[in-house]
Amino acid sequence: QLLHDVRTRWDSLFFMIRRYRVLRQAIEMLFRRPAHQKTLLPLVPTDAEWKKLRDFEVILQVPHTVQQVMSKQKTPVLSSAIPVYERFIYSWEYMAKNNPSLS
Numbered sequence: 001q002l003l004h005d006v007r008t009r010w011d012s013l014f015f016m017i018r019r020y021r022v023l024r025q026a027i028e029m030l031f032r033r034p035a036h037q038k039t040l041l042p043l044v045p046t047d048a049e050w051k052k053l054r055d056f057e058v059i060l061q062v063p064h065t066v067q068q069v070m071s072k073q074k075t076p077v078l079s080s081a082i083p084v085y086e087r088f089i090y091s092w093e094y095m096a097k098n099n100p101s102l103s
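Numbering (our numbering), first residue to last: 1 to 103.
Read the hints as simulated data drawn from the structure, not as lab findings.
The model shown is predicted, which means the values in this text are computed figures rather than measured ones.
Hints are supplied without guarantee of correctness; some may be wrong.
[To be verified] Each computed BS3-like pair below joins lysine-lysine, with the alpha-carbon atoms no more than 27 angstroms apart:
1) K38 with K51
2) K38 with K52
3) K97 with K51
4) K97 with K52
Let the hints inform the model, and build the full structure from the sequences given.
Here it is, written out as structure tokens:
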């Protein structure tokens, strides 16, 4: 089942992209069915668009992981928030430096 964007959950976009990529084959098969070819076939993402979705998933994985780490603590405190935040920034800087398509 495809997921929808939820305005109150910022990481819903991450989950939506991940699910869409997992269901890629099924989605493409549905879009290519004769009954849907006229309306849906033009909407099939290109290989470049699939790669962009993968890039977005990689980028959004970082804040999702940070949120998961902070949510596991019963009482997040500044002493743990700062290192987690620094790791968050480092991860995005590393991705931008080592993979220009992500920056």
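So, going through the hints one by one against the coordinates:
1. K38 with K51: Holds, because 25 angstroms separates the two Cα atoms, which is no more than 27 angstroms.
2. K38 with K52: Holds, at about 25 angstroms.
3. K97 with K51: Holds: K97 and K51 sit about 18 angstroms apart, inside 27 angstroms.
4. K97 with K52: holds (17 angstroms)
Of the hints listed earlier, there is not a single one the structure fails to meet.
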